[in-house]
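A.B. asks: Listed below, chain by chain, are the residues.
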Amino acid sequence: NAGVTQTPKFQVLKTGQSMTLQCAQDMNHNSMYWYRQDPGMGLRLIYYSASEGTTDKGEVPNGYNVSRLNKREFSLRLESAAPSQTSVYFCASSFPGQENNEQFFGPGTRLTVL
Amino acid sequence: QQPVQSPQAVILREGEDAVINCSSSKALYSVHWYRQKHGEAPVFLMILLKGGEQKGHDKISASFNEKKQQSSLYLTASQLSYSGTYFCGTWGFGNEKLTFGTGTRLTIIP
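Residue numbers (my numbering), protein chains in the order written: chain A, 14 to 127; chain B, 6 to 115.
None of these hints come from the bench; they were simulated from the model.
A hint or two may mislead.
[Claimed, not checked] Per label pair, the in silico range of CB-to-CB distance:
#1 B:Val24 / A:Lys84: 38 to 46 Å
#2 B:Lys73 / A:Met40: 33 to 41 Å
#3 B:Gly57 / A:Pro74: 31 to 39 Å
[Unchecked claim] Derived DSS-like pairs: lysine-lysine, alpha-carbon spacing no greater than 27 Å straight-line:
#4 B:Lys55 / B:Lys102
#5 B:Lys55 / B:Lys72
#6 B:Lys31 / B:Lys102
#7 A:Lys22 / B:Lys42
#8 B:Lys31 / B:Lys73
#9 B:Lys31 / B:Lys55
#10 B:Lys55 / B:Lys73
#11 A:Lys70 / A:Lys84
#12 B:Lys102 / B:Lys73
#13 B:Lys31 / A:Lys70
#14 A:Lys70 / A:Lys27
#15 A:Lys70 / B:Lys55
#16 B:Lys102 / A:Lys84
#17 B:Lys42 / B:Lys102
#18 B:Lys102 / A:Lys70
Every residue gets a Cβ at the ideal spot worked out from N, C-alpha and C, and that includes glycine.
Chain B extracted, bound-state conformation:
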């Protein structure tokens, strides 16, 4: 089942902070985050694994609450280059495949 992302869209001024949330209805092994700029391919940001291990970006942070089956992506002191659509992907237990959310469109204005 597709994870739910919130908000669907957000507009920020340069330097402001943003939080993007990703919720699943099932227990998760890992949560993946990707960013996609308009007309381009998605680009990997990070993976958060059950147990707390994190792999990926050093300028963007994220949390993974296993009990609540949620993850949040934190973008601090946003830059113009942060604009794009952010997707979370979730991996459950069993014979699973990575399932992506519908995305959060982030627009940074000067």
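With the rest of the complex left out, here is chain A:
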């Protein structure tokens, strides 16, 4: 099992460019999440999907959109990148019930917006 995979691993964008971060999991998890991690800020939830076909906003959703393509895949899109979106992005997945189930994280995407 690969667990949670993310592509790309690194990306440099110019302000105003768009891109999509891809995430896939092979653990048959219903729930998937996108976090961003900035120095000194911990992990902040951008969007999550409790199950296939549903998505919901997290703590910092502005400037992002998501698509739950199927049970395995959950993508994060930046329509018009800004320097404030420079961060490390982690995708995670879990069984239903975020309150009492562990999350499995992908290796992360390191994004720089110039």
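For chain A, the structure is supplied; the task is to place chain B on it using the hints.
C.D. replies: Structure of chain B alone, referenced to chain A:
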């Protein structure tokens, strides 16, 4: 609201003990602990549930004081492999999402 972790950083010699604290301003249903090594993804350690149930790691212990809305992670006889940043995540009541603290950086030196 983000839970508060203390200390922000700690340096220990191998074999020493460490305690990392996590406090919330609201009533909690569960507290989650993760460890992240530099340049890697966070890895699950344990979950402490209201009522005392605990799920997770067998070499690291933790407590959850529901009344005080606090949790503590206990790392005994620390090993070099314990180095990393430890995050707590808290889950309250109602339409909640897991909220992570800003982390505690633990450095173990030989």
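A.B. asks: Would the pair A:Lys22 and B:Lys42 pass a check requiring their Cα atoms to be no farther apart than 27 Å?
C.D. replies: Judged against 27 Å, a Cα distance of about 17 Å means the pair holds.
A.B. asks: Need the status of pair B:Lys42, B:Lys102: alpha-carbon distance at most 27 Å?
C.D. replies: holds, 24 Å
A.B. asks: Evaluate the given range 33 to 41 Å for the C-beta pair formed by B:Lys73 and A:Met40.
C.D. replies: holds, 35 Å
A.B. asks: CA of B:Lys55 to CA of B:Lys102, is that 27 Å or under?
C.D. replies: Given pair B:Lys55, B:Lys102 holds - Cα atoms ~16 Å apart, limit 27 Å.
A.B. asks: Range hint 31 to 39 Å: satisfied by the CB atoms of B:Gly57 and A:Pro74?
C.D. replies: holds, 35 Å
A.B. asks: Measure nothing beyond the straight line between the CA atoms of A:Lys70 and B:Lys55; if it is 27 Å or shorter, mark the hint as holding.
C.D. replies: holds, 26 Å
A.B. asks: For a C-alpha distance cap of 27 Å, please report whether A:Lys70 and A:Lys27 respect it.
C.D. replies: holds, 26 Å
A.B. asks: Holds or violated: are the alpha carbons of B:Lys102 and A:Lys70 at most 27 Å from each other?
C.D. replies: Distance of about 10 Å is within 27 Å: holds.
A.B. asks: Hey, B:Lys55 versus B:Lys73, does the alpha-carbon distance stay inside 27 Å?
C.D. replies: holds, 12 Å
A.B. asks: Holds or violated: B:Lys102 with A:Lys84, Cα cutoff 27 Å?
C.D. replies: holds, 20 Å
A.B. asks: Between B:Lys31 and B:Lys102, does the CA-CA distance stay at or below 27 Å?
C.D. replies: Holds. B:Lys31 to B:Lys102 sits at ~13 Å (cutoff 27 Å).
A.B. asks: Is B:Lys102 close enough to B:Lys73, meaning Cα to Cα at most 27 Å?
C.D. replies: holds, 20 Å
Every hint, counting from the list given before, is met by this structure.
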